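K.L.:
Sequence order for the protein chains is A and B.
If you read the first sequence in my numbering, its first letter stands for residue 1, the second for the next number, and so on.
If you read the second sequence in my numbering, its first letter stands for residue 1, the second for the next number, and so on.
What the hints contain is simulated information worked out from the structure, not anything from laboratory work.
Just so we're clear, the structure is a prediction, and the values are computed from it rather than from any experiment.
All copies of an identical chain are treated as equivalent in the list; a pair is satisfied when it fits inside any one copy or across any two copies.
Straight-line distance between alpha carbons at most 30 Å, and here's what the computed BS3-like set of lysine-lysine pairs gives:
no.	residue 1	residue 2
1	K59	K116
2	K77	K59
3	K59	K43
4	K77	K190
5	K116	K190
Protein chains: 2
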Amino acid sequence: MKATAPPAAEAQSPRTRQRLLEAAGEIFAERGFREATVREIVKRAGANIASVNYHFGDKERFYSAVVAYAHGCAVEKYPSDPGLGKEAAPADRLRAFVHSFLSRILDEGRPAWHGKLMSREMADPTRALDRLVEESIRPQYLHLASIVRALLGRRATEERVRLCALSIVGQCLFYHHARAVVTRLHPQVKYGPAAVGRLADHIASFSLAALRGSAKGAGP
Amino acid sequence: MKATAPPAAEAQSPRTRQRLLEAAGEIFAERGFREATVREIVKRAGANIASVNYHFGDKERFYSAVVAYAHGCAVEKYPSDPGLGKEAAPADRLRAFVHSFLSRILDEGRPAWHGKLMSREMADPTRALDRLVEESIRPQYLHLASIVRALLGRRATEERVRLCALSIVGQCLFYHHARAVVTRLHPQVKYGPAAVGRLADHIASFSLAALRGSAKGAGP
Numbered sequence: 001m002k003a004t005a006p007p008a009a010e011a012q013s014p015r016t017r018q019r020l021l022e023a024a025g026e027i028f029a030e031r032g033f034r035e036a037t038v039r040e041i042v043k044r045a046g047a048n049i050a051s052v053n054y055h056f057g058d059k060e061r062f063y064s065a066v067v068a069y070a071h072g073c074a075v076e077k078y079p080s081d082p083g084l085g086k087e088a089a090p091a092d093r094l095r096a097f098v099h100s101f102l103s104r105i106l107d108e109g110r111p112a113w114h115g116k117l118m119s120r121e122m123a124d125p126t127r128a129l130d131r132l133v134e135e136s137i138r139p140q141y142l143h144l145a146s147i148v149r150a151l152l153g154r155r156a157t158e159e160r161v162r163l164c165a166l167s168i169v170g171q172c173l174f175y176h177h178a179r180a181v182v183t184r185l186h187p188q189v190k191y192g193p194a195a196v197g198r199l200a201d202h203i204a205s206f207s208l209a210a211l212r213g214s215a216k217g218a219g220p
Numbered sequence: 001m002k003a004t005a006p007p008a009a010e011a012q013s014p015r016t017r018q019r020l021l022e023a024a025g026e027i028f029a030e031r032g033f034r035e036a037t038v039r040e041i042v043k044r045a046g047a048n049i050a051s052v053n054y055h056f057g058d059k060e061r062f063y064s065a066v067v068a069y070a071h072g073c074a075v076e077k078y079p080s081d082p083g084l085g086k087e088a089a090p091a092d093r094l095r096a097f098v099h100s101f102l103s104r105i106l107d108e109g110r111p112a113w114h115g116k117l118m119s120r121e122m123a124d125p126t127r128a129l130d131r132l133v134e135e136s137i138r139p140q141y142l143h144l145a146s147i148v149r150a151l152l153g154r155r156a157t158e159e160r161v162r163l164c165a166l167s168i169v170g171q172c173l174f175y176h177h178a179r180a181v182v183t184r185l186h187p188q189v190k191y192g193p194a195a196v197g198r199l200a201d202h203i204a205s206f207s208l209a210a211l212r213g214s215a216k217g218a219g220p
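Looking at chain A on its own, in the form it has when it is part of the complex (with noise of 0.2 Å):
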């Protein structure tokens, strides 16, 4: 049988892991993890099964596989830290996190099909969002939340520094869950780099003068 056979030398190439990656990106974007099957990957990408076997084991490794290869193009184009060091003001270094964040965020082609795959996985999870916590959520948010408690000074419990870090999240990741409602409400709104960029100011600011009145003792 085709599946057991050993795989020839291109099945084992990086050339077809990318192949299938993408193919099945599309997929279980398309279809969620559990509806979608290998079989229909394996087509898409012009590879075989054999070759699922050979660089990632079991259908849910594939698919882990695949929505830790989506985050980790997005950050590779978009970094939390751009440029800046542990020196830069906490002010700046937010700025410059909310503006990657969003454009990781809002991007198209980050790839194409990883928005609806996130929007799938946040609404029916799978074991793949337990690992993409681990190795990728979680230090995003270690790093906005020590720029939040550089902001908040050191009285700040480590609660506060939460609700402040996930308001900030939550700001960014509106424009992406409710964009249906969004363009509806407001057709004016446009989601280009430009617009980007002006929405990122928006809640930096926002969020920057939230903090200072908190750090104030404004909060409740």
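Add chain B to chain A, keeping to what the hints say.
P.N.:
Only chain B this time, still in chain A's reference frame:
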């Protein structure tokens, strides 16, 4: 054929209408508008196709009625301005709005399938969303915008009011949309009624501090 037979008195009753809405909500939330069949819904509701025709018309209008029904239940349970008139202080009106909005989107029994139905609608919108935006979401948005305008002062532009209102909505919706990540990242975060009060206090305080900072010209 059953489907074209004149509906019996039972099929035309408000009780049947209610059973159809509940069964349809569950099934549309499970499978999505396109995959779900009216046949399956009437079976679960213990009704017949003629009763759907009688109460709703075609599948699209049936679905739209289900989406509107779910929103209506949630808004009725958690009105946007609970017990506060237009003469209340804008900060109190903002606190009331945030508390009510957050309670509404985090209440699991509103009905239980409402959250999943809305997540599907966001990821893959149908024409039901157009109607929902005009009939329900836009009035709520305008209510929030009037509070934000009162807090920002009359010199604030329409764009600034919109950006600030969406920053507030985004912080709330995040706890629904990204719940799968929040509970993995912070297992200590709770979603019960007491926790909702605490979250709402934070979001309202964070936003009030941001709006006061903006009103003073701290924004860009």
